[in-house]
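J.: Sequence:
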Amino acid sequence: MVKGVKRSLLCDLQNEISYYVPSDISHAIDVLQAHSIAETKELNLVSAKIIDSTIEFIVTNNLGHLLSRQSINKFPDINLEWDYPAEITNCIIDINRNSDFDFSKIFLELESLGCQDLQLRIEDSLFIHEIENILKYADGRMLKSIQLYVANNSSESDEGYIGLVAKFPRITNLFVFNSLLSKVLTPDTAPAYTVARIADRIDFKRGCGIVHPDWFVTTMEHFTESLKFNTCLNRKISIDENGVIRNCPSLGTSFGNVKSVTLTEVARMREFRKIWKVTKSEIEICQLCEFRHICTDCRAFLEEPQNVRSKPLKCGYDPYTNQWSEWSKNPLKLKAMDFYELGLA
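Residue numbers for the sequence shown follow the numbering used here, beginning at 7 and rising by one.
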């Protein structure tokens, strides 16, 4: 149960579903965790009507069962500790035609750090054979998934991009942006990957950080990580097109260049890890929001750019009204938008 300023959110982490819960039922659930139904009614801790409504809600949605007092000890509380056997779990690498990295060394380092998920963002219109010359160094490594964004090359066909994914099965998503039109290239029956064209030109550096309910994650892993860590930046590392290492490509602070420092050295720096522990419960406004443990965060674009604990700029939700609005249309955000040169008046 995640309590917001106006309502709560009950997260069923087993079935990965969330339920809005009004304050009276949220309070009743709290009371019923410490007292039996009979005690609660007898002591008039909660009205009988609210108790009955609460029990009906829980049983109907298969969120719990009626048990005798003797049986309760057989159902211990869920362990909400989080850990992962890797120093780095995910990495973003920006690439253009002038990026002259030692990809063999980079992928070997990522493997030694335990990195499982990689996002490659290729800003220039490389030919497929040039992309293959990068991906070949990831072959045979322990990466679980590669999400690939590539600028459209008009000389390459749909079949060529589909063939690229077939050749490198670790690719789970391939998005060809700046295409003539948007369309999905893989059939619905393709179980393991998606290849799609996107008509839009993507501004990777300034386009991230949007908070939207479509991207909420109600899983045990995400929820428990959010209790102690930042769900965007924890155990993330990034390399920009010039080789500069950061927590995120959109953040200003840098920690050296891949040509002169290793990813392992950076990942173990105290200052690099500092931002990992900025949780939603410490962030202004977010700490009052019922969605704080299922949404992602952003520290690159803030409502108050000089305040590291400020609410994400690109969030349009108000926990005081429980209403969503278009964040870029909010006049109170214009100053921050100008600061970041977002150009979204």
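By construction, these hints were calculated from the structure, which means they are not laboratory data.
Computed from a predicted structure; not experimentally measured.
Some clues are possibly wrong.
Stated by the list, open to error - Cut-off 35 Å, straight-line C-alpha distance, at most; resulting in silico cross-link-like pairs (DSBU-like, lysine-lysine):
#	residue 1	residue 2
1	150	189
2	47	9
3	189	173
4	211	234
J.: Work down the list of hints and note, for each, if the structure agrees.
T.: Status of each hint after checking the structure:
This hinted pair checks out: residue 150 and residue 189 have alpha carbons roughly 26 Å apart, not beyond 35 Å. With a CA separation close to 24 Å, the supplied pair residue 47 and residue 9 stays within the 35 Å bound. At roughly 21 Å between alpha-carbon atoms, residue 189 and residue 173 fall within 35 Å of each other, so this suggested pair holds. Only pairs whose Cα atoms come within 35 Å are accepted, and residue 211 paired with residue 234 is accepted, the gap being roughly 27 Å.
In summary, this structure violates none of the numbered hints.
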